[in-house]
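Residue numbers (this note's numbering), protein chains in the order written: chain A, 311 to 399; chain X, 3 to 216.
Simulated from the structure, these hints should not be mistaken for lab results.
Some hints here could point you the wrong way.
[Stated by the list, open to error] Mimicking SDA-like on lysine to any residue, the simulated pairs with C-alpha atoms at most 20 angstroms apart in a straight line are:
| # | chain 1 | residue 1 | chain 2 | residue 2 |
| --- | --- | --- | --- | --- |
| 1 | X | Lys152 | X | Tyr130 |
| 2 | X | Lys62 | A | Gln358 |
| 3 | X | Lys127 | A | Ser355 |
| 4 | X | Lys62 | A | Val352 |
| 5 | X | Lys122 | A | Gln358 |
| 6 | X | Lys122 | A | Leu354 |
| 7 | X | Lys127 | A | Trp348 |
| 8 | X | Lys122 | A | Val356 |
[As the list claims (entries may be wrong)] Coverage of chain A stretches by chain X, computed from C-beta distances (three or more under 8 angstroms per stretch; other residues unrestricted):
| # | stretch |
| --- | --- |
| 9 | 321-328 |
| 10 | 331-340 |
| 11 | 354-362 |
| 12 | 369-382 |
[Claimed, not checked] So these bits of chain X aren't anywhere near chain A, every CB distance computed over 10 angstroms:
| # | residue |
| --- | --- |
| 13 | Arg38 |
| 14 | Gly102 |
| 15 | Asp147 |
| 16 | Ile150 |
| 17 | Asn158 |
| 18 | Thr165 |
| 19 | Asp175 |
| 20 | Met188 |
Since we're looking at a predicted model, the values are computed, not measured.
We put the CB at the ideal spot given by N, CA and C, even for glycine.
Residue strings, one per chain:
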Amino acid sequence: MKWKLPSLESERLIRWACVLGLVALPMMVWSVITPTVWPVLVALSVGQAIGTLSFVLYLVVVIRDLGIVARLRGQNAGREPDAAEQGES
Amino acid sequence: MAQVDWIGWVSIASAICAAVILVLHLVRRPPLPRARMWLLLGLGVFPIGSAGTANISGFKATQSRTFCGSCHVMEPHARDSEDPESTSLAAIHARNQMFGGDNCYGCHKDYGMYGFVMTKLGGMKHVYYYLTEYHDMPLEQSKHDIRIAKPLPNENCMYCHTTTAPRWLSIGDHASSLEAVRDGSMSCASPGCHGYAHPVTKLGKELPLEGAHP
Numbered sequence: 311m312k313w314k315l316p317s318l319e320s321e322r323l324i325r326w327a328c329v330l331g332l333v334a335l336p337m338m339v340w341s342v343i344t345p346t347v348w349p350v351l352v353a354l355s356v357g358q359a360i361g362t363l364s365f366v367l368y369l370v371v372v373i374r375d376l377g378i379v380a381r382l383r384g385q386n387a388g389r390e391p392d393a394a395e396q397g398e399s
Numbered sequence: 003m004a005q006v007d008w009i010g011w012v013s014i015a016s017a018i019c020a021a022v023i024l025v026l027h028l029v030r031r032p033p034l035p036r037a038r039m040w041l042l043l044g045l046g047v048f049p050i051g052s053a054g055t056a057n058i059s060g061f062k063a064t065q066s067r068t069f070c071g072s073c074h075v076m077e078p079h080a081r082d083s084e085d086p087e088s089t090s091l092a093a094i095h096a097r098n099q100m101f102g103g104d105n106c107y108g109c110h111k112d113y114g115m116y117g118f119v120m121t122k123l124g125g126m127k128h129v130y131y132y133l134t135e136y137h138d139m140p141l142e143q144s145k146h147d148i149r150i151a152k153p154l155p156n157e158n159c160m161y162c163h164t165t166t167a168p169r170w171l172s173i174g175d176h177a178s179s180l181e182a183v184r185d186g187s188m189s190c191a192s193p194g195c196h197g198y199a200h201p202v203t204k205l206g207k208e209l210p211l212e213g214a215h216p
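Chain A extracted, bound-state conformation (with noise of 0.2 angstroms):
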């Protein structure tokens, strides 16, 4: 079976990856401001998942734009199979 994203726009997803990012850098900086223990229990929890979240999303978009997969693909297809991968088959 094959498993599809949806494809979302890359604007859209970026703008996503901008709000999310800008909710999660105050989380990070709370715990720089008030060490107590909330705030570093959301740093380093929630604050880095969102983070996180926000900076795949930039990559989906980067290398679906780029066509990197579909580069790879064409490359893989192209390619010759060399001695060892026909011993395999």
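Start from chain A and add chain X according to the hints.
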């Protein structure tokens, strides 16, 4: 607001740079190919820098007495440590520059190769207990009910106070209980010796009523 060290300022500055880039992008909405490099800074480089430095700052903060005392059940311990008049073992160590504001961590951390990780795991257990059991507990009850999970090992004391120094051995009680101290069967912080470390939390459970510490 706590005193922010230079690592903290790097974290704040990175976060501000990232936020400015992200807000400008949301407001101006430039075409993506042109904005890609700016977004790499705003969504990647600066936030990762901010998160990394905030982590370092956060981990350092978890070693401070302010952090330990931020759960209400630990307030009496922290206040006692900060009291310049207190003669408790904890307060005496807090007045020592070696420990200072990190005196909780200095005595209660696990020493050894994986000490840092084990201490942090233990800290997470404390947070769990606080959330599930102690969050709404009245202070007076907490002073009575909350006790250390496992006795403080003498190794923690011996990390600074060697039991091989002639001066230490010249004290009669030390010499007579040397093996018991080293194998941990007698605690340095027991009431007959140098304890209790936190007498302020002993409400007659351990201490006799007359002559009990405040």
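Status of each hint after checking the structure:
no., hint, verdict
1, X:Lys152 with X:Tyr130, "16 angstroms, holds"
2, X:Lys62 with A:Gln358, "17 angstroms, holds"
3, X:Lys127 with A:Ser355, "16 angstroms, holds"
4, X:Lys62 with A:Val352, "16 angstroms, holds"
5, X:Lys122 with A:Gln358, "18 angstroms, holds"
6, X:Lys122 with A:Leu354, "13 angstroms, holds"
7, X:Lys127 with A:Trp348, "15 angstroms, holds"
8, X:Lys122 with A:Val356, "18 angstroms, holds"
9, 321-328, "holds (count 5)"
10, 331-340, "holds (count 7)"
11, 354-362, "holds (count 4)"
12, 369-382, "holds (count 3)"
13, Arg38, "7 angstroms, violated"
14, Gly102, "16 angstroms, holds"
15, Asp147, "20 angstroms, holds"
16, Ile150, "19 angstroms, holds"
17, Asn158, "23 angstroms, holds"
18, Thr165, "36 angstroms, holds"
19, Asp175, "39 angstroms, holds"
20, Met188, "34 angstroms, holds"
The structure fails to meet hint 13 from the earlier list, while all remaining hints are met.
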